Amino acid sequence: MVENIHHNTYYMIVDDDIINNKICEVIIKKNMPNSQIISFTEAYRALDYLVDTNNHVPDIIFLDINMPEIDGWEFLNRYEKISNQKTKLIMLSSSTNEDDMNNTQKYSLVKGFIQKPLTMQKLIQSIVS
Amino acid sequence: MDFEQNVYQKDNFFFDTIVNAFPEPIVIDSIGENGNLTTLYYNKKYVETIGTSSIEVRTQKQMFIENMTKNKLFNTLSSATKEQETKFIVRCKDSINRIYRVVFNLYNQKILVTVLNEITDVEKYRELERMNTIKDRLLSILSHDSRMPLNSLHALLDMLRNNDINFEDFNNFLPEVEQQVDKVITFLDNLTSWIQMQIKKGEVLIAPQMVSVDEVIQEIKPLFQSSIIAKKINFEYVPTDIQVYVDYNMFSLIIRNLISNAIKFAKTQGNVSIHVETDSFIVHIIIEDNGIGLTKEEINKILSTQMISHQGTNHEIGFGLGLTLVQEYIKLNKGSLNILSVPNQGSKFIVSFPI
Chain H
40 MVENIHHNTY YMIVDDDIIN NKICEVIIKK NMPNSQIISF TEAYRALDYL VDTNNHVPDI
100 IFLDINMPEI DGWEFLNRYE KISNQKTKLI MLSSSTNEDD MNNTQKYSLV KGFIQKPLTM
160 QKLIQSIVS
Chain B
1288 MDFEQNVYQK DNFFFDTIVN AFPEPIVIDS IGENGNLTTL YYNKKYVETI GTSSIEVRTQ
1348 KQMFIENMTK NKLFNTLSSA TKEQETKFIV RCKDSINRIY RVVFNLYNQK ILVTVLNEIT
1408 DVEKYRELER MNTIKDRLLS ILSHDSRMPL NSLHALLDML RNNDINFEDF NNFLPEVEQQ
1468 VDKVITFLDN LTSWIQMQIK KGEVLIAPQM VSVDEVIQEI KPLFQSSIIA KKINFEYVPT
1528 DIQVYVDYNM FSLIIRNLIS NAIKFAKTQG NVSIHVETDS FIVHIIIEDN GIGLTKEEIN
1588 KILSTQMISH QGTNHEIGFG LGLTLVQEYI KLNKGSLNIL SVPNQGSKFI VSFPI
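If you read the protein sequences in the order shown, they are chains H and B.
Under the working numbering, residues 40 to 168 are what the first sequence spells out, in order.
Under the working numbering, residues 1288 to 1642 are what the second sequence spells out, in order.
So that you can see chain H by itself, here it is in the shape it has in the complex:
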């Protein structure tokens, strides 16, 4: 368990792969039992949630790239307009494509790129960096 850092962090996971979402949930809960997690398998639902000001704003968003209908890039394009700058957005993808990695650098709000699957080490690295 990670002591003293981000115990009450609020995580949002946007990925159509339900197995990945479960992995994230398990790893986050295990290391930070007090954190909260919300996951979306459809990107547009996540955007709807983020637009609604009544909702609690997540501290960290893990975003997948390859998703049907609205993919990670389209999500970023739309999210850029409503982002509060406080939320840390991290790409979480199984992509090993260099173009994908380079493309993320075009978005200032993307703070990291994690190769799936999420592990405890990758999680800690992403939140302290």
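By construction, these hints were calculated from the structure, which means they are not laboratory data.
The model shown is predicted, which means the values in this text are computed figures rather than measured ones.
Any given hint could turn out to be false.
Pair by pair, the computed Cβ-Cβ distance ranges are [to be verified]:
#1 B:1453 x H:49: 19 to 27 Å
#2 B:1434 x H:49: 26 to 34 Å
#3 B:1390 x H:144: 42 to 50 Å
#4 B:1445 x H:145: 30 to 38 Å
#5 H:164 x B:1445: 41 to 49 Å
#6 H:140 x B:1568: 50 to 58 Å
#7 H:116 x B:1555: 45 to 53 Å
So these bits of chain H aren't anywhere near chain B, every CB distance computed over 12 Å [said to hold, decoys possible]:
#8 47
#9 125
#10 151
#11 160
We treat Cβ as the ideally placed atom computed from N, Cα and C, and that holds for glycine.
Since the structure of chain H is already known, use the hints to place chain B on it.
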């Protein structure tokens, strides 16, 4: 000065020396009143490599072999626009096919000078490069996409072992894993068939027999079940007793790929249908979806068997490998493929076999 009479003379030492100094095969013909060609002169290189009997020419685009007389060759080429690159595969004297870029020069509408520039190496290099790109992409799919279900399974087993999830959770995730596994199996089957075709180039054995279309569809249906459920596809198929005369395994792979494509590009909650129609000569198997559709350019690319790839609407892995195989197999079984499609409305793939 009359070229025909004065410059070209068999014993014209000056002319001979110059033309024979060229490393390219050159042939000089006179054009008669009726447009017929009479050869006046072959240079040394021409006689040595191509030979003076009628040229066996194969155009790259049409891929047919025929004994083409120079007359016909000239007509074919002169009907082409000047800008068009004219490449020919010429069966040379030593029975080796060489690729030539052919340039015509017309003199006074009477004399035709033809220079053949061999580009076999360049073409072979291009082909190698293309094959290499294909292999790179196949390897990348093999090493990346094929791992996905294994990664998922591994993660689930890991979580189960550590009591992070219970058996009920584990069971809930199995359909997702199954779907991923099915896609990889289809890909690996295609890959195996493709590799076999590459190895056996030109001598693929086919064993045609009367095959029940229904039997094949029923057999392969379970492979799509998980995708159909996951994408909430409305799958429409009315069983039929129609039979086709084809190689069973090839036919199965053709139909499987086309159904898999239809599901891949159908929208969530979309429709995929299979209809089998027949008249007394031909059986049509029509596989239709109302998905993202294809542009004219994309259809042309598919029909030219250039491997193109699209991720499906549910990021299904793809590569164009399936469609390349489909067309090779249809051709081997004397069938034909037609594609009708409107972007954003859907596609119709019609496979036809003679009875």
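Inset, instruction - Kindly confirm whether 30 to 38 Å is satisfied by the beta carbon distance between residue 1445 of chain B and residue 145 of chain H. - result: 35 Å, holds
Legend entry - Range hint 45 to 53 Å (beta carbons of residue 116 of chain H and residue 1555 of chain B) holds or violated: 21 Å, violated
Legend entry - Closest CB of chain B to the CB of residue 160 of chain H still more than 12 Å away: Fine: 15 Å to the nearest Cβ keeps residue 160 of chain H off the interface.
Inset, instruction - Determine whether the non-interface label on residue 47 of chain H survives the test: each CB of chain B must be over 12 Å from its CB. - result: Correct as stated: the minimum Cβ-Cβ distance to chain B is 21 Å, above 12 Å.
Legend entry - Distance restraint evaluation - residue 1453 of chain B, residue 49 of chain H, Cβ atoms, bounds 19 to 27 Å: 26 Å, holds
Legend entry - Minimum Cβ distance from residue 125 of chain H to chain B greater than 12 Å, as the annotation requires: Holds, since 30 Å exceeds 12 Å.
Legend entry - Verdict for residue 164 of chain H, residue 1445 of chain B (Cβ pair) under range 41 to 49 Å: 20 Å, violated
Legend entry - Outcome of range test on Cβ distance (residue 1434 of chain B, residue 49 of chain H; 26 to 34 Å): 31 Å, holds
Inset, instruction - Hey, is residue 151 of chain H genuinely clear of chain B, shortest beta carbon separation above 12 Å? - result: The assertion about residue 151 of chain H holds, with a minimum of 20 Å to chain B.
Legend entry - Cβ distance range 50 to 58 Å for residue 140 of chain H and residue 1568 of chain B, holds or violated: 55 Å, holds
Inset, instruction - Return holds or violated for the Cβ distance of residue 1390 of chain B and residue 144 of chain H against the range 42 to 50 Å. - result: 49 Å, holds
Figure legend: structure checked against the earlier numbered hints; hints not met, in rising order: 5 and 7.
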